[in-house]
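Visitor: Sequence:
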Amino acid sequence: MQLWALLLILGLVSAQASIAKKAVVHLNPPWITIFKGEKVTLTCHGFNSSKLGTTWWYENQQLQDSWSTNSIETNQAGEYRCQTQDSALSDPVNLVVSSDSLILQTPYSVFEGDTLTLRCRGKHKKIKDVAYYKDEKKLYYFLENSDLSISIPQVGLSYSGNYHCTGDLIYILVPWGKMSRKVQLQVQELFPSPELKITTSQPTEGTPVTLSCDTQLPPQRSDTKLHFSFFRDDGVIVSGWKESQELQIPVVWREDSGSYWCEAKAVTQNIQKQSNHVKISVKRIPISGILMETQPSGGQVTEGEKLVLICSVAQGTGNITFSWHREGIKASLGEKTRCSLKEKFVLSAVNETDAGKYYCTANNGISTTSSLRVNVTVEIPVSQPLFNISALGAQAAVGDVVAFHCQALRGSFPIQYQLYHEKEILENKMASSGVAVSFNLTMTTRHSGKYFCRANNSFSCQFSEILTLSISVPIRSQKNMATVGITVSLISIFIFIIVAPVFYFKLRRKSGRSSVPSPYRASPISNLQEPVYSNSSAQMESIYVNPVVGDVVYSEISSKEHGKEANNAKNPPEDKDSSAVYAQVKK
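Residue numbering for the sequence shown is -15 to -1, 1 to 572, as defined by mature numbering (1 follows the signal peptide of the UniProt record, and there is no 0).
If you are wondering where the hints come from, they were derived from the structure by calculation, not from laboratory data.
Quick caveat, the model's predicted, so the values are computed rather than measured.
Wrong hints could be hidden among the right ones.
[Said to hold, decoys possible] Ranges of calculated distance between the beta carbons of each label pair, as one might list FRET restraints:
hint, residue 1, residue 2, range
1, Asn261, Arg239, 19 to 27 Å
2, Ala62, Gln173, 34 to 42 Å
3, Pro399, Ser375, 23 to 31 Å
4, Gly378, Gly283, 46 to 54 Å
5, Ala382, Gly313, 50 to 58 Å
Glycine included, each C-beta is placed from N, C-alpha and C at the ideal position.
Can you build the whole structure from these sequences, using the hints too?
Guide: Here it is in structure tokens:
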């Protein structure tokens, strides 16, 4: 075959090597050195027995008759390779065919952890006094006449070197000392020291990191079982021995920073290797975007209600310590340390003293920041107002100015006060301080009755107790009215006495009858009663007249109303019976 064709094929094979594993050549018997005239069987092993077809190469030339057979028998010295449909080109096997009288036979491949078998052979002759050497140093010596071999268990890389053997060949009972050719023996690594790889050496807190303990078994030992373990700093075991060569840390924190390495070991052989050290520095994101909110929103809460202070940050990693503060108080109200971007603090029942400016702070070990102040106002419902009247004994006279005082001792300002007479609102006033509100009214007879006040600050309203006020009317006013009534009555009677006879004579004259005038008879006035004054709505009745006390005479007049009472919440009906006290000063 042309050299360029071979190079092309080798190039294609090497391109596939990253995908397919190498084929493996096994020898039977296992020795790479044989005597001339002996044969050895070479077998090619791929990785999928279901795919048939094997190509053999001898001294870089394809053997034409080797297609589809995975074993060949040969007695020719040289370099052999093979390839299957599911594998890459194998490593070369150099077969040595010797004509010497004494040879040292060694296996084709030796890996650390294997048992090394060496065999010293004489051609058609028995040998005795066999000795084995490594780098000119005697290892073993046998005095027996034998074709003995030696086995060295669990060899390591240090067993690589030049080996040969010596022995006495027996020719017609005469020993002839012989020495074999030196054989370069290379003990191969079962697997190279692993390399620790990480997805990133400077991960951010809260992100995942994957560690990989990379090593590879040779094709000849691909069935060897390996286990892996991961360590940090002073031998802290991050992960115990497992088959997986990867370790996934779902979330890393600043405390996870340190030096990491891994180890790989063969399960059946006493071979364990350590990787390089890799430093991982976990970065912590400083806190930013801190905000404090309240529930209820706006920082307005009614006394007795629950107040929730919510502190949150937009960014920041690690365990964050949240603390809540109020201006004017050195100690914090409370603090919580969590791996969270938001926490809350609850005041279960606020009172008036809890009003003020609040803020929160957040600290993750590398930065501390504070929120803006939030003003919290505690709205206090009004208490039942105190209500009193300036009139002594809840009695006043018509024309007096009476002051009605209304005051709620507790409650957020402004407070609206309303004065009620019966159920009718008389006046409204707003108060922005705790001073009592006064309503000043000039009394008339209509002001007699029940009074109360109402306090309201938009959070609650309360009514005061009810007080009754009596209005007294001076007796002089009553007597003047009676005098006018009597005068009018007398004038009316006088007019009637004069007009009645004239009218009578006119009627007689019209009737055509003459009559002798009868003596004039005036109507007797002895039967006249004192006129009674009344109106459609009430009758005035004298209830009692006080006896003389000093120079003042008192009497009480009661007014009785008739008809149905109006039922109105804003304008409540007046009492059915009301009274007034009248007084007259005697001269």
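Visitor: Could you run down the list of hints and mark each one as holding or not?
Guide: For each hint, the structure was consulted:
no. : hint                           : result
1   : Asn261 with Arg239: 19 to 27 Å : holds (23 Å)
2   : Ala62 with Gln173: 34 to 42 Å  : violated (22 Å)
3   : Pro399 with Ser375: 23 to 31 Å : holds (25 Å)
4   : Gly378 with Gly283: 46 to 54 Å : holds (50 Å)
5   : Ala382 with Gly313: 50 to 58 Å : holds (56 Å)
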